[in-house]
Amino acid sequence: MSSADEDDAATSPTAASRLRRLTDSELFSPVEWRRRVLFWSGAVMVGLAAVGFAQAADYVFGLFRGIVAHNRFWPFLITPVTFALLAWLTQGVLRPTRGSGIPQAIAALKVEDEGFRQGLLSLRVAIGKMALTLAALLGGASVGREGPTVHVGAGLLYSLGRRFGFADPTAAGRFILAGSAAGLAAAFNTPLAGVVFAIEEMSGAFEHRMSGTLLTAVIIAGVVSLGILGNYAYFGHVDIGLPLGKAWWAVLATGIVCGLAGGLFARLIQPSDSGFRGMVGRLRGRQPVAFAAACGLALVLLSQLTHTGLYGTGYAQARDILEGHADTVMGFGVLKFLGNIASYWAGIPGGIFSPALAVGAGLGNNLSTILPGVDPAAVALLAMAAYLSGVTQAPLTATVISMELTANQQMVLPIMATCLLARAASSLLSRKPVYRALADKLIEGYAHELALRAAEAAHDDEADGLADDDAVSERTARPMVQDPATPMPPAREPPNDTSPENHSTP
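The sequence shown begins at 1 in the UniProt record's numbering and counts up by one.
If you're looking for bench data, these hints aren't it; they were derived computationally from the structure. As the structure is a computational prediction, the values presented were derived from the model and not from experiment. Glycine included, C-beta positions come from ideal geometry on N, C-alpha and C. Treat the hints loosely; a few may be bogus.
Label pairs and their computed distance ranges (CB to CB) [what the hints assert, rightly or not]:
| id | residue 1 | residue 2 | range |
| --- | --- | --- | --- |
| 1 | Q55 | P30 | 32 to 42 Å |
| 2 | R36 | P372 | 47 to 57 Å |
| 3 | G165 | K441 | 38 to 48 Å |
| 4 | E449 | P372 | 55 to 65 Å |
| 5 | G245 | F276 | 11 to 21 Å |
| 6 | V223 | A131 | 21 to 31 Å |
| 7 | Q304 | Q55 | 26 to 36 Å |
| 8 | R36 | H459 | 41 to 51 Å |
| 9 | P372 | A171 | 27 to 37 Å |
| 10 | Y232 | A69 | 22 to 32 Å |
| 11 | K441 | P169 | 16 to 26 Å |
| 12 | L305 | Y59 | 24 to 34 Å |
| 13 | L413 | E449 | 30 to 40 Å |
| 14 | P30 | A458 | 27 to 37 Å |
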């Protein structure tokens with residue numbers, strides 16, 4: 001062998017090991033690139049789904065508003081029937097579509113069980129969530145689309161990862177988290193809020209390896225939304241400020257009042273086995289369809305007290321209040337609060353994000369009357385952020401969402417202080433954040449179901465064991481029975497005396 005061949009032989013293992021180390025690195029790993037492509041593709045899908053969902057929601061609610069404009073009494077028929085129909089449809093396989101959808105995503109992230117996750121985040125559930133939420137808006141329900149978009153985003157990315165081999169618990173959890181963040185970012189056009197929401201509300205921690213993936217998913221979903229709908233703020237550009245001296249009175253008033261109101265709402269929608277909430281739960285459990293119809297009727301009756309109505313997200317009323325030319329009644333915030341309760345108690349699909357913002361704006365409109373010298377729009381913005389923080393007990397998410405929805409950076413410090421105060425006030429009435437409390441109920445229900453299955457399986461095994469024991473006993477006792485093939489012994493001669501006294505039992 002020549003010296004050149006010896007040199008090549010000596011260097012070949014080194015080159016191979018270097019190539020292997022290169023392909024094993026995260027940057028050049030084929031598996032990692034496959035995962036990245038799936039994330040990027042899924043983020044595009046989430047963005048498209050969010051945009052389509054938003055446009056469809058605006059369209060169907062526009063149809064309902066047209067019906068109300070033609071005759072304000074039509075909702076007395078349409079809304080209760082819609083609520084009853086949705087309650088009936090969500091009794092079976094579509095049961096996971098009930099409610100906001102964010103608790104389902106949180107529960108699926110917490111429980112690393114493929115069957116549990118598939119039950120909450122399948123494509124069937126995602127499609128059903130969108131369709132039934134649109135039906136709820138068509139019927140005038142006081143619900144939003146943002147929570148359902150989070151649910152759909154988590155379901156789409158989870159199903160995509162599972163379809164292409166990323167079904168292990170850790171990888172699936174990353175897909176769920178990224179899909180949830182991308183869903184919120186695309187729904188509100190708030191990319192920063194999507195990231196903060198994923199950290200504060202969904203996971204409670206930030207994994208370093210997940211940071212790039214999460215940010216990329218949010219950016220891609222946001223770019224898709226921007227490319228189709230354009231660069232916009234949800235409530236438009238709200239150019240308001242708050243003088244430093246007067247700010248703290250507004251911060252205290254909105255933080256305490258709206259925080260307590262948000263905590264009360266969170267407490268009322270959490271299930272309980274006792275008290276008033278227990279009674280509501282039992283009524284809904286016994287007659288879910290009739291109870292939902294009654295909730296729909298209650299919403300219509302409440303809406304008759306305000307000419308603007310309580311139907312839908314409340315976006316138009318909140319925007320009017322922020323722009324300072326609202327013609328809503330002074331009690332709109334309280335009435336919208338009650339309308340949101342009625343819609344959620346009905347057990348129909350729909351989110352609470354946008355309706356919560358409308359409640360906060362309405363309460364701020366009331367509070368501005370006792371805060372002279374402070375811009376009413378600024379009070380409404382603080383109240384909106386405070387109420388959302390009180391409901392979710394996620395002050396950072398509420399702060400960032402309020403800033404991005406209004407394109408307002410002038411009130412960062414007052415909004416943040418208000419949200420922190422509201423979170424503290426809310427905890428006096430609701431000890432646990434509402435989304436996590438509802439997610440824990442889902443997990444408890446699944447654990448109870450597993451326990452019942454285990455008990456049934458143990459009972460079946462015990463029954464099978466008893467049957468086997470009976471069979472063994474029967475086989476053991478069988479030789480005591482005369483074999484038909486064995487000749488019978490000769491019969492004993494009866495006694496000659498046939499008197500009754502001499503008869504004996506054989």
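Status of the hints after comparison with the structure:
no.	hint	in the structure
1	Q55 - P30: 32 to 42 Å	38 Å, holds
2	R36 - P372: 47 to 57 Å	56 Å, holds
3	G165 - K441: 38 to 48 Å	32 Å, violated
4	E449 - P372: 55 to 65 Å	57 Å, holds
5	G245 - F276: 11 to 21 Å	43 Å, violated
6	V223 - A131: 21 to 31 Å	26 Å, holds
7	Q304 - Q55: 26 to 36 Å	30 Å, holds
8	R36 - H459: 41 to 51 Å	49 Å, holds
9	P372 - A171: 27 to 37 Å	57 Å, violated
10	Y232 - A69: 22 to 32 Å	26 Å, holds
11	K441 - P169: 16 to 26 Å	22 Å, holds
12	L305 - Y59: 24 to 34 Å	27 Å, holds
13	L413 - E449: 30 to 40 Å	47 Å, violated
14	P30 - A458: 27 to 37 Å	46 Å, violated
Checked against the numbered hints given earlier, the structure breaks hints 3, 5, 9, 13, 14 and satisfies all the rest.
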